[in-house]
Amino acid sequence: MKTDIVLSGVGGQGILTIAAIISWAAVRNNLYIKQSEIHGMSQRGGSVFSHLRLSSEPIASDLIPYGQADLILSVEPVEALRYLPYLKKDGWLVTNIAPYVNVPDYPKIEDVIREIEKVPNHVYLDANKLAKEIHAPKASNIIMLGAASPFLNLKYEDLEWAIEKQFARKGEDVVEMNKKALKLGFDEAKKLFNLS
Amino acid sequence: MPVLPLLGDEAVAQAALDSGLTGMYAYPGTPSTEIMEYIQRSPLAAERNVHRKWSANEKTAVEEALGVSYTGKRAMAAMKHVGLNVAADPFINSAITGVIGGLVIAVADDPSMHSSQNEQDSRFYGKFAMIPMFEPSTQQEAYDMTRYAFDLSEKVGLPVLMRLVTRLAHSRAAVRTADTPRPQNQLRLPEDPKRFVLLPVVARERYKILLGTQAQLMRESENSPFNKYIDGEDKSLGIVTSGVAFNYLMENFPQGKVPHPVVKVGQYPVPYKLIQKLFDEVDEVLVIEEGYPFIEEQLVGLLGNPKVKGRFTGDIPRYGELNPTIVAKALNLPAGAVYDVPDVVVGRPPQLCPGCGHIDVYVALNKVMKKYGPGHVFSDIGCYTLGALPPYNAINTCVDMGASITMAKGAADAGLHPAVAVIGDSTFTHSGMTGLLDAVIENTPITVIIMDNSMVAMTGGQDSHAAHRLVQICQGLGVDPEHIRTITPLPRTRDQLAQIIEEEINYPGVSVVIPSRPCVTHTVSRKRKQRAQKASK
Ligand SMILES: Cc1ncc(C[n+]2csc(CCOP(=O)(O)OP(=O)(O)O)c2C)c(N)n1
Ligand code: SF4
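Protein chains in written order, with my numbering: chain F, 1 to 196; chain V, 197 to 733.
One thing to keep in mind: the hints can contain errors.
Listed below are the simulated SDA-like cross-link pairs for lysine to any residue, each with C-alpha atoms no more than 25 Å apart in a straight line [what the hints assert, rightly or not]:
| hint | chain 1 | residue 1 | chain 2 | residue 2 |
| --- | --- | --- | --- | --- |
| 1 | V | Lys563 | V | Glu698 |
| 2 | F | Lys108 | V | Gln547 |
| 3 | F | Lys89 | V | Pro530 |
| 4 | F | Lys129 | F | Ala98 |
Just so you have them, the derived chain V footprint on chain F, three or more residues with Cβ under 8 Å [said to hold, decoys possible]:
| hint | segment |
| --- | --- |
| 5 | 27-37 |
| 6 | 79-86 |
| 7 | 112-121 |
Treat the hints as calculated values from the structure; they're not laboratory data. In this text, a Cβ means the ideal position worked out from N, Cα and C, and glycines have one as well.
Given only the sequences and the hints, what does the whole structure look like? Please build it.
Structure (structure tokens):
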């Protein structure tokens, strides 16, 4: 088993939380992991990404080679496209479609969607809107994790368990809210794809 | 054996603790900051009362660490690559005095300049100082080598350099750690107290000793468990590699089975015998290393060797960090992207956070500077450097920590008026104070704006040595109290701030303007960290 994931978004959108949850779930399954993070300059409203590699065999490189990622999981649509060179031909592009506009030349969202649709295996949804619907505006990252959950080669229960681990010290309410967000993302993706 | 998920930085820190560390000394700097932060969070460090407060700069950090070593105890200093420029003096000279307690200096390079002014390769410093050096490939090696380095440091009586790069420092993987940490060393003063007195008469002897140790260091390298000759059938090519470059090589072959013989260098000086063996067996040698062509240049020298290729010869790009794809190309293996980045993707540079006090200062400053035209504002390194980008375009320089005040002084000496310096509070105590003293002595007409957000924001909100004592420091350095002006930068005080700046520009001497308001982003996370630290005490 081997899953190479590029996580992307804008600084502050919580991609390292996604990375931590997936890592917990992977460790529970005795998988090898390597997770490279971005710290420093790029955190202030700049684009951020993390490479997360899971494997049943030892992993050599901390970076995923171009053209080999199984999944790009993005919390922002332009950031999803920025890392396309990492995606393999039949890899999945799973992204939030709510734009984070903090630059003057931000492109038209229709143009962004058109590019996303050029990748044969794609899932997009408005996680910000869904997050508001469940009164959990900060949980759009977890909704996206839910939407990507079918492509991780991890069991859904393990992700739920990992969410418990990740948020335990913030209290039962936060854990439950994030589990709900995970489920919501998963259901949305299922709806789009008739996945079972 | 406990298995922990650790960043490369954290693996170094945990290993230092498990090696019986007494003092950790550092100044923050990406990608090295997490070494100290890990120790500050560690229950073991608290239990053993390991020194774990930030230093004023990298030079003071290395000197403090050397002081610990002088007493026979073990110390580590940590910094980013450019920090070693600041610490170069004690670094080079600690190789002349030698050490008593193990001294390991961990330096994190930043190839591709993710958060730095350059991509200098610290291995040159290790060679320059003539000390042993380690370059881990994995988080596990970062741990194992650090432990080994402390023992080696005491065995050969020299400081040891641990070279990390961003992609290891900031990547997490599982690390097997020791069951029981080694005890700390007992206090023991040097048997030969003169060795730390580097008067020429002593220094000459000490330098001879350092030269005499070089053969031993080569033997250590040649017999090191971290230097390996890995045989391969296809002798048309041999590969010399080190650090993360080794991982990128392995990534290109299933189960890491490289068909060519490989020398993996993990400990320096470059192990002569292993390299010689490789040269004897293969037709061509490819050197793959992260950073400058450090090993390669040593192999080919000035006269070159047609057998050798790598970054020095241009067979691998000289600029920027490596990755598995670049290494694949160097080996003529198929690799590369399937999808391109679409044209709609625009750049998203980092920005000052909404509500940041630096914004208020720049708006006020721009208002004042408008009539003087561009080119008058010398700045420095920190969050406020983002003021160089639109929409502010407020500053004209950023070179190295502290250079704002000194460059403004030089420009004023040359006749530029006004000459304004913009510097952060932590950068000021790092290396702005001495420059300000230069200006005070001559009463140079410069206006220094100290952007006081009471922490080191750029690197994540660490404690600033300047907190609550900036006015006192400036007075102590001799700035006329009437020309030390403080204000809280807010949207509603911008006009008042502009007026203060204007007044001080018109004063023909040194003035200091201190806009003070805590960083909005890190105040919360800092409180959380402090609570956690208190709890661990
Ligand atoms: C010699 C050196 N050490 C460390 C760094 C990393 N670094 C860049 S800016 C900075 C501190 C900035 O703090 P401050 O001056 O208070 O400005 P702020 O970011 O808080 O606005 C540090 C530690 C560096 N670039 N050079
Ligand atoms: S981190 Fe703090 S100092 Fe830096 S830009 Fe944000 S608010 Fe300003």
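Okay, the hints, checked on the actual structure:
{"no.": "1", "hint": "Lys563(V) / Glu698(V)", "result": "holds, 10 Å"}
{"no.": "2", "hint": "Lys108(F) / Gln547(V)", "result": "holds, 22 Å"}
{"no.": "3", "hint": "Lys89(F) / Pro530(V)", "result": "holds, 15 Å"}
{"no.": "4", "hint": "Lys129(F) / Ala98(F)", "result": "holds, 8 Å"}
{"no.": "5", "hint": "27-37", "result": "holds (count 7)"}
{"no.": "6", "hint": "79-86", "result": "holds (count 6)"}
{"no.": "7", "hint": "112-121", "result": "holds (count 4)"}
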